[in-house]
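> Chains as they are written, first to last, in the working numbering: chain A, 1 to 52; chain B, 1 to 222; chain C, 1 to 226.
I should point out that these hints are in silico values taken from the structure, not numbers from a laboratory.
The reader is advised that the hints may include incorrect statements.
Calculated pairs, SDA-like style, for lysine to any residue (alpha carbon to alpha carbon, straight line, at most 25 Å) [claimed, not checked]:
#1 B/K4 x A/Y23
#2 B/K69 x B/R139
#3 A/K35 x B/A132
Owing to the predicted nature of the structure, the values given are computational and were not obtained by experimental measurement.
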Amino acid sequence: MDERNFMFMFYGFAAAWLILAGYVISLVRREKVLKRQLEQLRRMLEHQEETP
Amino acid sequence: MREKILVGLAGLAGLLLVRNLYVMLLELPDEAAQGAIYRIIFFHVPAAWTAFVCFFVALVASVLYLLRKNLRYDAVAVSATEVGLAFGAVNLVTGMIWARIIWGIWWTWDARLTSMLVCWLLYAGYLMLRRAVEDPTLRARFAAVFSIFAFVDVPIVWFSIKWWRTQHPGPVVWGGGSMDPAMYQMLFLNWVPVLLLGAVLTLLRMRLEETQRAVEALRQFR
Amino acid sequence: MRFVRQALAIAAKDLRAEMRTKEAWNASLAFALVILLLFSFAFEPTAEQTREIAGGLLWLVFAFAGALILNRSFARELPNDCLDALVASPVAPAALYLGKALASFLLLTAVELVALPVFGVFYNVRWTAQFWPLMLVLVLGTWALTVIGTIFSALTVNLRLRELMLPTLVYPLLVPGLMAAMQLMTPLVVGQPLGPELYDWLKLLAGFDIIFTALSLALVETVLVG
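Build the full structure now, drawing on both the sequences and the hints.
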């Protein structure tokens, strides 16, 4: 019982950090996708300007 | 400059967390009745407070958006709401893990658990609403209105659900807390880094929103 | 005074249009009756324990049926750009909102008044024993549903997935109001009087109505005009 109590304390701590880490990972991933889209759009617009 | 502030805040939060973890794991004794598991409260409760601070910030930003029509406030509102949801999830999940040991069950329809879940669903609705609107200014306007409705609803949800019989241990801060002063102090000490972390995450999310805005602006050019 | 006249004109217009097509009325009533039928498979309909959850069951039915009516409230104005015309007309947005809320309220109440006797027959309860207190709770609860439902009907009218967005946004907001209505309805619908321990719920429900009516009236212009 005592050991289980102790283990669950660590599960609790780990869960808290995993959720926050998951959120940060999702932020980074979304940022990557957006940066790629931004790059694509810029290139597309430059291309349009060159060939009117 | 902004990068430096972000890194500085995150570093400060990290340092405080390491210090707090050291104290709470190695210096504070186990609680008499609950054993080691009581330490979850040092993250469980500050996470809930941080979530509500986030929702309050979102409310203020939403009102400011409606008054000034500046999309920057909308970025603050959506960022704070999302981070609030993340901390709300931390609160719910850590609470469930604690309940499994202390009450022997993962979930119970106790007042606070239910209230927190309803709040979480409310603000999850906020994010869903944003996804359904394409036009940025329309999205900001509708989201701001919903955020105001949600925040007004939160205290009513809280009181109404409180009238059910409650299983949750009484609030540790206001009213009849029976906590050891050192542990009690730790609760607030650990709120500082958790809140700082919330601020860092909100700023990160705001940067994402700016990139998003840039993409949307370029799309309109095309 | 002009405000009230405008609101009543909008409500009359909506009800007249609904009377001619009966689209929301038919869908909502049929839906309510089907759910009442389905619940009888989920629970033993005449068992004592079903009486204890009767109030909850009824409000679930009303909330689902209400979503169908509320979805139509502003969506009805979409063809031929009627909504733009209404917003551009001299009618104040708050009056437009109040009129629409009133029309939905009357429609939903009518659906409920048909569903209640059916419920009484199916589940063998004497719901008429506490008729007037029951009506009070019905009116307060239905107003809570329509007042929040109508403002979000206006908000979601131009969205993709309008029919899905409305209930997902509205039901969590309605939790306190629905909870109070359920608590109050449970004794009333089986013919027991309201005990004094339930007065707090009555106050909560009335307060919920007042707060969200005021908030909606304050924000409807932002939603419709910007």
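> Are there hints from earlier that the structure breaks, and if so, what are their numbers?
Violated hints: none at all, because every hint is consistent with the structure.
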